[in-house]
Amino acid sequence: MGHSSDFDPAEAARLALEHSHQEGALLPILHALQGRFGWIAPEAVAWVAERLNLSRAEVHGVVSFYHDFRDHPAGRQVIKVCQAEACQARGARHVTAQLEERLGVKLGQTAPDRSLTLEPVYCLGLCGNGPAALVDGRPYADLSGRGLARCLKGVGR
Amino acid sequence: MTSDDIIKVVIDSKLRGRGGAGFPAGRKWSFVPKDSPKPRYVCVNADESEPGTFKDRYIMERDPHQLIEGTAIACKSINAHAAYIYVRGELGLAAVRVQQALDECYAAGILGKNVMGSGYALDIYLHRGAGAYICGEETALLESLEGKKGQPRLKPPFPAVEGLFACPTVINNVETLAAVGPIIQNGAAWWTGLSRTEAEGGTKLIGVSGHVARPGVYELPGGLTLREIIFEVAGGMRNPDRKLKAVVPGGTSCPILLPHELDTAYDFDAIKKVGSMMGTGCPAVIEEGTCIVRLLKRIERFYAHESCGQCTPCREGGDWLFKIISRIEAGQGSMADIDKIESVASKIEGHTICAFGEALSWPARSYLKKFREEFVEHVKQKRCPYGPIPVAPVALSGVVA
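Protein chains in written order, with the working numbering: chain A, 1 to 157; chain B, 1001 to 1401.
Derived from the structure by calculation, the hints contain no laboratory data. Some hints could be false.
What the hints assert, rightly or not - Which bits of chain B does chain A cover? Going by a derived footprint, with three or more residues having C-beta under 8 Å, they are:
{"hint": "1", "segment": "1014 to 1028"}
{"hint": "2", "segment": "1076 to 1083"}
{"hint": "3", "segment": "1129 to 1140"}
{"hint": "4", "segment": "1201 to 1212"}
In this text the structure is predicted, and so the values were computed from the model without any measurement. Glycine included, C-beta positions come from ideal geometry on N, C-alpha and C.
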């Protein structure tokens, strides 16, 4: 996940160029913008709408429909910890409490210094070796065992 | 091999769709109109995201080339020159590895303008989802590929006639396509011979999770029973002192099974006889001491959150179910609330554009039918009989769900 920064049309144009030939380019462009800027700012919505000849409402509709697109900046690192059934069966609740304590931030919140965001996610497809989490998209498993230390190392703690 | 030859072998192999519906793959391909002047597409549904389902990720991360090979064969069978692999947003590592494999194929001349010198052009594109469970529904996936909100389409027209960009489209699950290469290479008889059941051919990836000793993904012959899978393959219960209480057979949308219902073959047809589904082939095992009401609350929270909002019964009903079940779980429910679950759930099922309505009402109805006494106990005792939600390490705790 990117570092949140201000929207830059020139940079956005460079990122969007790669997808300009594509049919259905909206999602790939939004992914690219979020990857670079960390969120989809209102200026970005207007810029994409103009470029793809869509209304701002259409672009906003897509941004708000998909959980991965953010309409406000997240922390510089994003940690998603699985709360689904299989991970619950292997101690996800305890792991979540430990992460909250070690990272100093509650589930669903961003640290005041914007260093990180801790979020729930429902199933990462790591049901066989849960509890599991993603740190900036990188999977960590076995968090009730050795995985927790690795995961915290991945966060830089 | 001609397109018809490929389709015949796949039909004869009895390969069925591994995304959950179990539709025969070869027959699906045969529905694409041969005389359509439009381009055709193959879409790979790699949006595996129902909680408890974790087999496609394994294929994409460990052997993406097998998926690409099957996708290319499917394209050839319907004369498609472009395919899209729609990978779920959360499966980042899988997406990286599939893209790497695609790049290798282009570099080796296996994909591109002239596939292995045959003169056949084929492009395969990777497309990332963005965290919406509903995009695993095939027509929602098409909408999402077109750059729109992932809201399912009314069928008919079916995608084979009018799919991606209103062109004939075949949509298959990752595991289904990964099986195609070996079937073409070794023949239909070889594949059917790998299965213990008549209903379908081959082996199946089974992802066992929950309270078992050895959770994981296993490749097993088709038609084993759930009892064999849980107690012989996955090593039985994690805590031998706790008996098996129930099994969610194939993703959280599938009706729950009781211990005495585990002896039918775990295939698409047989499991229907006990009123459930094989779904994605990923059973979650639940031990004694687990609160079923709490489990259902968690499941309904997920579905209420993931409804695309298009159909009122699902958008509103999912939230109602979650609220009613939460109330009961917190010890604040009434006996009327219990009946309300059935009343609301029965009005969602069958009244929505896609099967999401079923996915959220089936667990509610089946858990209530099979564990009604637990709901009643919550109301009578005005609390969860299993005690408050523990946060202690799992090895010390009794209650999970």
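Fill in: Indices of hints not satisfied (ascending)
1 and 2
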